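There are 2 protein chains.
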Amino acid sequence: MGIAERKIRQKEEFRASILEAAWLQVLSDGWQSLSIRKIADAIEYSIPVIYNHFENKEAILLEFTKEGFQKLADTLLEVKSRYSNPSEQLEAMAHAYWDFAFEHKEYYQLMFGLGIPACEMVNQIAEMKLMTSVMISTIQEAIASSNNTETNYFLKYHTYLSILHGLVSIEMIQKVGKPDPEKKMILQDAISGFIKSLVIN
Amino acid sequence: MGIAERKIRQKEEFRASILEAAWLQVLSDGWQSLSIRKIADAIEYSIPVIYNHFENKEAILLEFTKEGFQKLADTLLEVKSRYSNPSEQLEAMAHAYWDFAFEHKEYYQLMFGLGIPACEMVNQIAEMKLMTSVMISTIQEAIASSNNTETNYFLKYHTYLSILHGLVSIEMIQKVGKPDPEKKMILQDAISGFIKSLVIN
DNA sequence: TAATTTTAGTTAACAGTGTTAACAAAAGTA
DNA sequence: TACTTTTGTTAACACTGTTAACTAAAATTA
Numbered sequence: 001m002g003i004a005e006r007k008i009r010q011k012e013e014f015r016a017s018i019l020e021a022a023w024l025q026v027l028s029d030g031w032q033s034l035s036i037r038k039i040a041d042a043i044e045y046s047i048p049v050i051y052n053h054f055e056n057k058e059a060i061l062l063e064f065t066k067e068g069f070q071k072l073a074d075t076l077l078e079v080k081s082r083y084s085n086p087s088e089q090l091e092a093m094a095h096a097y098w099d100f101a102f103e104h105k106e107y108y109q110l111m112f113g114l115g116i117p118a119c120e121m122v123n124q125i126a127e128m129k130l131m132t133s134v135m136i137s138t139i140q141e142a143i144a145s146s147n148n149t150e151t152n153y154f155l156k157y158h159t160y161l162s163i164l165h166g167l168v169s170i171e172m173i174q175k176v177g178k179p180d181p182e183k184k185m186i187l188q189d190a191i192s193g194f195i196k197s198l199v200i201n
Numbered sequence: 001m002g003i004a005e006r007k008i009r010q011k012e013e014f015r016a017s018i019l020e021a022a023w024l025q026v027l028s029d030g031w032q033s034l035s036i037r038k039i040a041d042a043i044e045y046s047i048p049v050i051y052n053h054f055e056n057k058e059a060i061l062l063e064f065t066k067e068g069f070q071k072l073a074d075t076l077l078e079v080k081s082r083y084s085n086p087s088e089q090l091e092a093m094a095h096a097y098w099d100f101a102f103e104h105k106e107y108y109q110l111m112f113g114l115g116i117p118a119c120e121m122v123n124q125i126a127e128m129k130l131m132t133s134v135m136i137s138t139i140q141e142a143i144a145s146s147n148n149t150e151t152n153y154f155l156k157y158h159t160y161l162s163i164l165h166g167l168v169s170i171e172m173i174q175k176v177g178k179p180d181p182e183k184k185m186i187l188q189d190a191i192s193g194f195i196k197s198l199v200i201n
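Going down the list, the sequences are from chains W and F.
Our numbering puts the first residue of the first sequence at 1, with every later residue one more than the last.
Our numbering puts the first residue of the second sequence at 1, with every later residue one more than the last.
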């Protein structure tokens with residue numbers, strides 16, 4: 001009964017080839033110009049086959065959104081593991097976040113920008129919760145080893161993420177290509193201020 | 001020779017009616033579903049007339065982007081004038097910025113979000129420079145009356161704007177309708193930390 | 001005023017988009 | 001081999017922005 005298994009495998013490969021073709025499209029022309037038709041063209045199949053594997057175009061985008069959050073969460077975890085002090089961790093994670101955003105610009109724009117993440121959808125992306133939990137746990141640890149252990153960790157998490165996302169997106173809006181390396185000073189400035197107010201209070 | 005003047009006036013009115021119809025569309029269905037055809041339908045003219053008044057769809061969006069930055073700049077100036085202390089001004093402006101974003105969600109999303117402001121375009125929006133200059137001047141004043149007058153004002157402006165935009169856009173992504181009033185605590189937290197590090201250092 | 005030019009506005013089309021219903025062909029099962 | 005299921009295709013629908021070609025109205029000139 002290897003037939004059924006082969007079919008599943010083929011279906012999986014097909015699905016992967018759709019995503020791969022889509023990703024190549026995105027890399028060369030950006031999200032805006034990704035189209036079902038071009039994907040179909042690239043994989044040399046007719047259009048409707050794509051709908052056998054993805055409910056609609058948004059489902060394809062969702063796949064990449066998940067991938068993006070997964071990658072970001074992994075990166076943050078890895079970076080965090082290189083330090084023991086929560087403050088150092090938060091700082092290193094901030095830099096890693098920045099680097100991720102510009103090294104994987106396409107992912108980042110989908111994850112936060114273009115997405116106009118359809119309302120409830122956001123909360124249903126498990127991979128996003130992963131990123132959230134990495135950040136929150138580190139902030140909790142920082143608070144635990146601080147002067148004021150009564151600090152609202154959720155509020156601080158929200159502040160942390162907002163500062164990071166604000167820095168990144170303002171930079172992305174203004175500059176086009178490479179991220180001005182000087183701008184990392186701004187990141188450093190903002191994030192060290194945040195950390196200081198977090199642990200010293 | 002009142003004919004030429006009447007013609008100019010009519011052209012102006014026509015242009016205004018296009019913008020008005022577009023704005024109603026946006027208010028009821030959002031930017032994503034704004035279309036030239038619907039505008040033409042609303043003003044009861046054929047499609048190509050719109051291209052006599054606007055080069056393309058983006059030009060219409062640009063008009064609203066300018067309007068948005070103008071309104072925001074006006075608001076910031078007005079709020080600033082109610083205080084004399086730069087720190088108080090920066091704090092009040094931060095709250096005004098937040099309020100503007102959610103009271104004029106459509107404008108804000110166009111100004112910063114969807115816009116994917118076509119590269120150079122951003123620097124050519126005079127109204128945006130207006131907003132920038134209001135913020136920068138206040139920060140300069142805060143620095144002047146601080147401990148460390150050597151602080152890089154441009155870096156601090158960038159940080160200020162990034163914090164604000166980050167807070168707003170993270171909130172907009174997560175919540176759909178009304179802005180959680182509790183979230184203003186986060187704004188307060190982040191901005192008072194910023195101001196403290198700006199004037200005390 | 002009549003003829004001519006300019007302007008304003010229309011229809012119809014082009015080249016795209018996402019999505020789906022109806023059908024044909026291939027593959028698996030009895 | 002005959003039947004059923006899966007797989008894939010064609011062709012269409014309902015949209016999108018944009019523009020070329022044409023007509024009708026208005027303004028200008030002779």
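Hint data in this document are derived by calculation from the structure and do not stem from the laboratory.
Be a bit skeptical, because a hint or two may be false.
The list cannot tell twin chains apart, which means a pair is met if one copy fits it or any two copies do.
What the hints assert, rightly or not - Pairs of lysine to aspartate or glutamate, DMTMM-like flavour, derived with a Cα cap of 25 Å:
#1 K71 - D41
#2 K196 - E88
#3 K129 - D180
#4 K196 - E171
#5 K196 - E13
#6 K129 - D189
#7 K38 - E88
The model shown is predicted, which means the values in this text are computed figures rather than measured ones.
Please list, smallest to largest, the hint numbers that this structure does not respect. 1, 5 and 7
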